[in-house]
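**Student:** In order, the protein sequences belong to chains A and B.
So for the first sequence, our numbering puts the first residue at 298; every next one is plus one.
So for the second sequence, our numbering puts the first residue at 25; every next one is plus one.
If you're looking for bench data, these hints aren't it; they were derived computationally from the structure.
Careful: at least some of the hints might be erroneous.
[Said to hold, decoys possible] Within a straight-line C-alpha distance of at most 25 Å, the following computed DSS-like cross-link-like pairs (lysine-lysine) qualify:
#1 LYS544(A) with LYS290(B)
#2 LYS290(B) with LYS739(A)
#3 LYS259(B) with LYS721(A)
#4 LYS72(B) with LYS234(B)
#5 LYS283(B) with LYS721(A)
#6 LYS544(A) with LYS613(A)
#7 LYS137(B) with LYS767(A)
#8 LYS725(A) with LYS259(B)
#9 LYS691(A) with LYS259(B)
#10 LYS72(B) with LYS721(A)
#11 LYS517(A) with LYS606(A)
#12 LYS259(B) with LYS234(B)
#13 LYS725(A) with LYS479(B)
[To be verified] Okay, the calculated bits of chain A under chain B, using three or more residues with CB under 8 Å as the criterion:
#14 411-422
#15 492-501
[Stated by the list, open to error] Some chain B residues flagged as far from chain A (calculated, every beta-carbon gap over 10 Å):
#16 ARG245
#17 GLN333
#18 PHE469
Idealized CB from N, CA, C, for every residue including glycine.
So the chains spell out like this:
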Amino acid sequence: MKSLIFLFAVLFAIALQGQTPERKRAQPSPWERSVVTLEISRKQYDYYQPWTRKTGRAQKTGMYVGDHQILTTADELFDRTLVRLQKGGRGRWWLGEVSWIDYYANLALVTTTDEDFWRDLNPAKLGGSVPEDGTLQILRWHDGNLENRRAEFTQFTVREGQLAAVNQPVLEADSDIQNAGWGEIITANSHAVGILSAQEGRMCTAIPATFVQNILEARKQGQFHGLGYFHFYWQGSQNPASLARLKLTGEPRGVIVSSVPERTDGCEQVIHTQDVILNIDGFDLDIQGDYVDPEYGNLMLESLATRNKWAGDDLKVQIWRDGKLTNIVYRLPKYEYSVSLVPSATYDQEPEYLILGGLVFQPLTDSYLQSWGTDWRRRSPFRLNYYRNDPPAKDRPALVLMSQVLPDAYNIGYQEQRCLVVDKVNGKHISRLAELREALDKPVNGFHVIELVQSDSLRRIVIAAGDSEKEATSRILKRYGIDEPYHFAPKVN
Amino acid sequence: MLWLSVCQAADPERSVIQIFTFAQQPVWDAPWRFDAVRRMGGSGFVIKGKRIMTNAHVVSWGRQIIVRRYQDPRPYVAEVEYVGHDCDLAVLSVQDSHFFENLDPLELGELPKVRSGVVTYGYPAGGEEISYTRGVVSRIELEAYAHTGNRRLLSCQTDAAINPGNSGGPVIQDDRVVGVAFQGMAGLENAGFFIPTPVIEHFLKDVEDKHYDGFPFAGLRVTPLQNPAYRSLLKLPENDLGARVDGMLPIPSTEKALKLDDVLLKIGDFPVASDGTILYRGNRVSSALAFQSVQAGENLPLEIWRDGQRTNISMLVSAYDGDRAAGYQYDTLPRYLVYGGLVFTPLSLDYLRTLGRNTPEISIGEMYYEMYYRNFEEPAKTRPEPIVLASVLADSVNANLRIRGRALLDQINGIRIEKLEDVVRAFETGTNEFDQLEFLPHHSFETLERAEVSKANSRILKTYGIANDRRL
Numbered sequence: 298m299k300s301l302i303f304l305f306a307v308l309f310a311i312a313l314q315g316q317t318p319e320r321k322r323a324q325p326s327p328w329e330r331s332v333v334t335l336e337i338s339r340k341q342y343d344y345y346q347p348w349t350r351k352t353g354r355a356q357k358t359g360m361y362v363g364d365h366q367i368l369t370t371a372d373e374l375f376d377r378t379l380v381r382l383q384k385g386g387r388g389r390w391w392l393g394e395v396s397w398i399d400y401y402a403n404l405a406l407v408t409t410t411d412e413d414f415w416r417d418l419n420p421a422k423l424g425g426s427v428p429e430d431g432t433l434q435i436l437r438w439h440d441g442n443l444e445n446r447r448a449e450f451t452q453f454t455v456r457e458g459q460l461a462a463v464n465q466p467v468l469e470a471d472s473d474i475q476n477a478g479w480g481e482i483i484t485a486n487s488h489a490v491g492i493l494s495a496q497e498g499r500m501c502t503a504i505p506a507t508f509v510q511n512i513l514e515a516r517k518q519g520q521f522h523g524l525g526y527f528h529f530y531w532q533g534s535q536n537p538a539s540l541a542r543l544k545l546t547g548e549p550r551g552v553i554v555s556s557v558p559e560r561t562d563g564c565e566q567v568i569h570t571q572d573v574i575l576n577i578d579g580f581d582l583d584i585q586g587d588y589v590d591p592e593y594g595n596l597m598l599e600s601l602a603t604r605n606k607w608a609g610d611d612l613k614v615q616i617w618r619d620g621k622l623t624n625i626v627y628r629l630p631k632y633e634y635s636v637s638l639v640p641s642a643t644y645d646q647e648p649e650y651l652i653l654g655g656l657v658f659q660p661l662t663d664s665y666l667q668s669w670g671t672d673w674r675r676r677s678p679f680r681l682n683y684y685r686n687d688p689p690a691k692d693r694p695a696l697v698l699m700s701q702v703l704p705d706a707y708n709i710g711y712q713e714q715r716c717l718v719v720d721k722v723n724g725k726h727i728s729r730l731a732e733l734r735e736a737l738d739k740p741v742n743g744f745h746v747i748e749l750v751q752s753d754s755l756r757r758i759v760i761a762a763g764d765s766e767k768e769a770t771s772r773i774l775k776r777y778g779i780d781e782p783y784h785f786a787p788k789v790n
Numbered sequence: 025m026l027w028l029s030v031c032q033a034a035d036p037e038r039s040v041i042q043i044f045t046f047a048q049q050p051v052w053d054a055p056w057r058f059d060a061v062r063r064m065g066g067s068g069f070v071i072k073g074k075r076i077m078t079n080a081h082v083v084s085w086g087r088q089i090i091v092r093r094y095q096d097p098r099p100y101v102a103e104v105e106y107v108g109h110d111c112d113l114a115v116l117s118v119q120d121s122h123f124f125e126n127l128d129p130l131e132l133g134e135l136p137k138v139r140s141g142v143v144t145y146g147y148p149a150g151g152e153e154i155s156y157t158r159g160v161v162s163r164i165e166l167e168a169y170a171h172t173g174n175r176r177l178l179s180c181q182t183d184a185a186i187n188p189g190n191s192g193g194p195v196i197q198d199d200r201v202v203g204v205a206f207q208g209m210a211g212l213e214n215a216g217f218f219i220p221t222p223v224i225e226h227f228l229k230d231v232e233d234k235h236y237d238g239f240p241f242a243g244l245r246v247t248p249l250q251n252p253a254y255r256s257l258l259k260l261p262e263n264d265l266g267a268r269v270d271g272m273l274p275i276p277s278t279e280k281a282l283k284l285d286d287v288l289l290k291i292g293d294f295p296v297a298s299d300g301t302i303l304y305r306g307n308r309v310s311s312a313l314a315f316q317s318v319q320a321g322e323n324l325p326l327e328i329w330r331d332g333q334r335t336n337i338s339m340l341v342s343a344y345d346g347d348r349a350a351g352y353q354y355d356t357l358p359r360y361l362v363y364g365g366l367v368f369t370p371l372s373l374d375y376l377r378t379l380g381r382n383t384p385e386i387s388i389g390e391m392y393y394e395m396y397y398r399n400f401e402e403p404a405k406t407r408p409e410p411i412v413l414a415s416v417l418a419d420s421v422n423a424n425l426r427i428r429g430r431a432l433l434d435q436i437n438g439i440r441i442e443k444l445e446d447v448v449r450a451f452e453t454g455t456n457e458f459d460q461l462e463f464l465p466h467h468s469f470e471t472l473e474r475a476e477v478s479k480a481n482s483r484i485l486k487t488y489g490i491a492n493d494r495r496l
């Protein structure tokens, strides 16, 4: 009994020791008045059943940059239904609205008309440089506290954007922060040096603050018309024989253009295959295609399309062509999702579809392919995925798919057909859903004749037109719980 | 004592043969080399004419084939007399005539009925002695034969266990062989497959002239014609007969007889149902089987619906190997050329299997498209034998090349590469100081100095132990 009492006493003493004395609150960080939380409610679409929609909610980080604007990444702001803002990591939420968004650059500005929100907020200082020891801090509100995680600078490099396959500079850092990549602020020396846009394992990818500043400044001046890009394929000139064949003597330098697709913006393609590009916008290119960026160090030349130059801007390019030096001016085309035959995104737009007697037609988009899940590049049908490598052509700017068949007596015989690309309907070439709608107005001898792209799959479908089709469509919509037989995106001029 | 044990054995296991094949496959991305020798176990059985029947895959790429009788430890050397890779069957002979002493050939039976019982005999993994497994025939239909991967022939599914080593063994019903065990299917439990007697008999009839031609292959994509609207458009009677020719491979005998959108009403004696099937000995199977019911080189009467009326035609059926690269290949060593350390070889399924996960997605996609889609979608641009730069054997002459292999060749010195001979011609007829090679899909290129390559060729072959710079 004595020993038992002693044991309790020891446990009590240990318990008392375990109680921490009231922690003295550290001096509030000045960042607490700049970092805010955004909550976004948005529609989520199931592209395999494009008539359905769910809702989702996400939280992310933004920072006050002055002029009643919160800067954040554009990610998760698409298809939004409600945006709310919170400062100080707790308490009241204010209704926000997106004042500017660019999905290609993955940037957005959010504001609110409620003056109360802006009270006590201090604009963050963007820019600055990465300290020599590479130590950075990542900030966000977490459980009411400003989480401050250490990160170690890895490199500046060039990567495709998070929401678009357009190359742009990024800052990479190593950190043990979890679930980041949602607009968290990377700081050093009282400056925001970047905004986190992605995380894979410990590697965090951020949009460099100076890149953001340049875009915001250009926007203010009315000079930002979207991100530009180089519309040609090139390869390094590490093989001296290639330069010798092109009669370029001296120190190996520059990159060689291997392929030049047709420009779709009406501009002349001034770059030719087998041109050796030596200098862009005053920057010499080495044999790997890198140049020395004053801010970021060695970067791939693709970054020069977004280095304070925007879509529609002219770049001076020095090339070696036909054995002599030539200077040309290259007008940067605008990067848009439609530069690919299969658009990589369709933000802020409900999925398009058309149901004809149970046959479901949709545009072929990355969003549709993504309905195969996270590993969609491997799991989605090979042929559909392979269209992503093709450029749009004048006679085929986009693709329409017969994605599936909702079984009914009317479409019997076709129930198992799916994922077929449409070539012609009733004799008319089809690239857009709107064209399909027009073609359906002109059936052939009482039938709709749907020709599919010649491949290893079914080549033709014939179904009855007229009243039986209308009755079937109406019956099928009712049976499958679908409100509308179609949805078309607003026409863009 | 040994003789006693043989005498005591009950039929038909005495005629079931254990087969060991010491096989060596070529390395498809280094085509002058071979993989290490592997010992593969299989089964077989004695048939008429002092021969052994087994699966083609049991003896493929065999350097030596050893056969053993039931409970007899003596090894005998066997040789492949005939092999049909499309039907995964082979016939072996044994030089030592003592081998067949007291061994009775097994008789072939009929196509078994679904739900009837069968017993598989063989020497599967997991032990040394003969094994028997009992099951029922679960299903009879056309199935992809995994040995080549691109042919579908009649097959029986059974719930009798068929494991590695069972391959080539007889499946027996009422003391007669009703099939040859040959494959399982990943993801299916209690499901093995055997090659039924119609296929075996077709193969044996084919080799009666001492040459194997192969199963006829029409190369048709036949699609159901069940939608009333489509039938009405074609003015077809509402009798549930007829399926439409939706696609066809460029096989001369097929193209001569049939057109796209012809409706097949009858193939030989088999009426074609609107779902594209025929009724074959009580089993509803794909109409493709009807083309396999005769031997290559024979004429098959067809009843078709063309331009709104019934027409009778005759179609010469033939075996087809124009798509051999799209299936697994045997017997013929891969073709190649080594030039300046660059290894060129034809694109094939066997080559694609050598590509690891690190191969760029775009390269795999391009090769896959070239092999399986281009001929359907862009027949005019189809190359008879697409060539890949398989690898680069490192040497100072190619040290600066950025492309190190796994790339599909487009042209060399302006010559479009349609087959391996074009590569040889492009290099041998080049007159410039440089050879320029272009690759798909984005015309990335590499340049070689011809004079330097000329000096380096023999050095590279010597360094890498390659006896010949080419196999054409």
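**Student:** Tell me the hint numbers this structure goes against, listed in increasing order.
**Tutor:** 1, 2, 7, 9, 10, 12, 13, 14, 15, 16 and 18
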